[in-house]
Amino acid sequence: MTPLVALHDVTYRYPDRTPALAGVTLAIEPGERVALLGPTGAGKSTLLQLLNGLLRPDTGAVRMDGTAITDDTVAAVRRRVGLVFQNPDDQLFLPSLIEDVAFGPLNAGATRDAASARAHAVLESLGLSAAHDRAAHHLSGGERRLAALATVLVSDPDLLALDEPSGDLDARSRRRLLDILGGRREALLVATHDLELVRGLCRRALVLVGGRLEWDGALDALLADRAMLEGFGLVA
Amino acid sequence: MSFHHLDQFAHVGSAVTRVPPAGRLVGTVVLALAVATLPPGAWSQLGFLALLSLALLAIARIPPAVVLARLAWPLGFVLLASAALLVVIPGDPVVRLGPLTLTAQGADRFAAVMGRAMVALLPAVLLVSTTGFPELLQGLRDLRVPIAVATALGLAYRLLYLTVDELERLQRAARSRNAGGGAARRRHLVAAMAGATLGRAFVRAERTHAAMLARGFRGTLPLLHVTPWTAGAALNLVGVCGLALAVAASARLP
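Protein sequence lines correspond, in order, to chains A and B.
Per the numbering used here, the first sequence starts with residue 101, numbered consecutively.
Per the numbering used here, the second sequence starts with residue 424, numbered consecutively.
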């Protein structure tokens with residue numbers, strides 16, 4: 101069976117030639133929930149951006165349904181990989197929330213009416229209907245996180261790639277995010293330091309350390325091994 | 424920091440908000456031009472254009488207190504800039520204030536400048552009160568303003584808040600460490616903070632661009648809401664513009 105996304109021996113260096121990823125090979129199946137763990141600077145955000153086609157590997161290949169990401173396929177890939185950035189302020193750039201949420205469908209060619217209907221439906225499902233005409237700077241931190249999530253959920257992606265989704269969330273907002281993510285059916289790749297967040301959400305874990313994939317296996321087994329967690333720099 | 428109150432009447436349904444944003448922009452420019460091109464002394468025409476603008480503000484259901492509040496700041500600047508006219512225009516002395524002499528001709532010119540400024544600002548108040556920022560962008564694009572300019576304005580609206588937030592964070596960090604001292608140190612601090620803010624704004628712009636690309640951005644900001652033209656809206660716009668131009672032209676008749 102062809103995986104939903106696959107990286108084969110991927111290497112990526114930043115423009116200043118600093119290595120970010122080295123020889124990473126992995127595959128994610130449809131509907132699979134995967135935690136992407138690793139200390140700061142391990143290459144987690146870079147890996148997410150490679151999956152969305154924002155970055156291209158120096159060597160190796162990133163494939164979606166067996167098709168390599170190229171200039172010809174990147175638009176389709178971006179419709180199927182919903183990437184939520186670490187800082188929601190980077191993701192919410194339009195004057196009102198409803199426009200931000202409708203941005204993806206409109207870019208994909210949806211009519212205004214269809215995009216608006218889908219955006220309103222997603223906002224309602226996240227409890228943000230009342231904020232639809234507000235600007236992002238008038239939303240609370242928790243609302244902004246959910247709003248950023250709404251901007252990709254609206255496109256019905258096959259893979260949700262979330263970069264530190266629980267950062268600066270209070271306990272209630274965090275619980276709400278967990279409930280929302282727990283109810284999703286698409287594949288999930290959550291890059292985070294928050295082990296508690298992924299404990300109830302994911303079954304599989306990938307651990308990046310210094311740009312190398314050091315662990316690909318069951319999350320429970322990883323979390324049960326204190327020495328390994330310390331070795332990877334995931335706990336102090 | 425918030426500009427959200429500016430377009431608080433954009434959702435009030437009226438004959439004004441039923442005119443698409445491009446039409447509102449054109450109407451504003453025509454009314455302002457009609458006022459600006461009035462010859463000196465055309466007080467009756469100026470009064471008529473003021474009544475026309477006030478009628479439009481009433482139709483848009485903008486309270487007089489809001490109109491006055493929004494006129495206050497720009498009129499304050501006009502007042503400062505034109506107060507010198509009272510004493511620098513030579514003519515018949517009216518009042519002497521020490522070395523300064525207020526002349527009748529100066530008072531006339533001052534009143535003309537203030538009157539025109541006030542009447543020309545009324546349609547601008549109408550525009551910003553009834554038109555949300557996304558609608559303004561739509562209007563600019565409909566008027567064939569280059570897409571890059573309209574897109575840059577749209578993003579600037581959002582990034583402005585983020586940049587100010589960034590600056591405020593830097594200021595708080597500086598204050599928390601007892602920033603201050605002499606004027607030279609303060610100047611150095613302001614320059615350093617301005618540089619840091621610009622640098623961070625640039626980095627943020629890069630990240631925002633990546634976030635846009637990730638959702639399929641291909642160079643044009645798509646618009647969600649479009650106010651369609653109707654025969655009624657077009658007739659209203661043509662009527663108001665025609666009336667304003669006719670009034671302005673009447674002031675030039677022999």
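Derived by calculation from the structure, the hints in this document are not laboratory data.
Note that this is a predicted model, so its numbers are computed, not measured.
Yeah, the Cβ is synthetic: ideal placement off N, Cα and C, and Gly gets one too.
Among the hints, erroneous ones may be present.
As the list claims (entries may be wrong) - Restraint-style ranges between C-beta atoms, simulated for each label pair: (1) 113/A / 500/B: 49 to 57 angstroms; (2) 275/A / 658/B: 37 to 45 angstroms; (3) 597/B / 324/A: 45 to 53 angstroms; (4) 649/B / 282/A: 35 to 43 angstroms; (5) 114/A / 658/B: 54 to 62 angstroms; (6) 613/B / 225/A: 44 to 52 angstroms; (7) 613/B / 217/A: 47 to 55 angstroms; (8) 233/A / 528/B: 32 to 40 angstroms; (9) 240/A / 568/B: 30 to 38 angstroms; (10) 649/B / 225/A: 45 to 53 angstroms; (11) 275/A / 496/B: 18 to 26 angstroms; (12) 596/B / 240/A: 19 to 27 angstroms; (13) 324/A / 643/B: 28 to 36 angstroms.
Stated by the list, open to error - Negatives, chain A to chain B, calculated, CB over 10 angstroms: (14) 108; (15) 125; (16) 130; (17) 178; (18) 204; (19) 242; (20) 255; (21) 304; (22) 309; (23) 324; (24) 332.
Inset, instruction - Find the nearest Cβ of chain B to the Cβ of residue 324/A and say whether that gap is larger than 10 angstroms. - result: At about 35 angstroms from chain B, residue 324/A clears the 10 angstroms cut-off, so the statement holds.
Inset, instruction - Could you let me know if the closest chain B CB is still more than 10 angstroms away from the CB of residue 108/A? - result: For residue 108/A, whose nearest Cβ neighbour in chain B is about 22 angstroms away, the distance exceeds 10 angstroms, so it holds.
Inset, instruction - Please test the hint of 47 to 55 angstroms on the beta carbon pair from residue 613/B and residue 217/A. - result: holds (49 angstroms)
Inset, instruction - With 28 to 36 angstroms as the target window, see if residue 324/A and residue 643/B comply at their CB atoms. - result: violated (51 angstroms)
Inset, instruction - Report holds if the minimum CB distance from residue 130/A to chain B is greater than 10 angstroms, and violated otherwise. - result: Correct as stated: the minimum Cβ-Cβ distance to chain B is 20 angstroms, above 10 angstroms.
Inset, instruction - May I ask you to check that residue 125/A keeps its beta-carbon over 10 angstroms from the closest beta-carbon of chain B? - result: holds (23 angstroms)
Legend entry - Outcome for the supplied range 45 to 53 angstroms, where the beta carbon pair is residue 649/B and residue 225/A: violated (26 angstroms)
Inset, instruction - Starting from the hint 30 to 38 angstroms, judge whether the C-beta atoms of residue 240/A and residue 568/B obey it. - result: holds (35 angstroms)
Legend entry - 35 to 43 angstroms as the expected CB spacing between residue 282/A and residue 649/B, which holds or is violated: holds (38 angstroms)
Inset, instruction - Using the Cβ atoms, figure out if residue 596/B sits within 19 to 27 angstroms of residue 240/A. - result: holds (23 angstroms)
Legend entry - Outcome of range test on Cβ distance (residue 114/A, residue 658/B; 54 to 62 angstroms): holds (60 angstroms)
Legend entry - Status of the given 49 to 57 angstroms range, CB of residue 500/B versus CB of residue 113/A: holds (53 angstroms)
The structure fails to meet hints 2, 8, 10, 11, 13, 17, 18, 20 from the earlier list, while all remaining hints are met.
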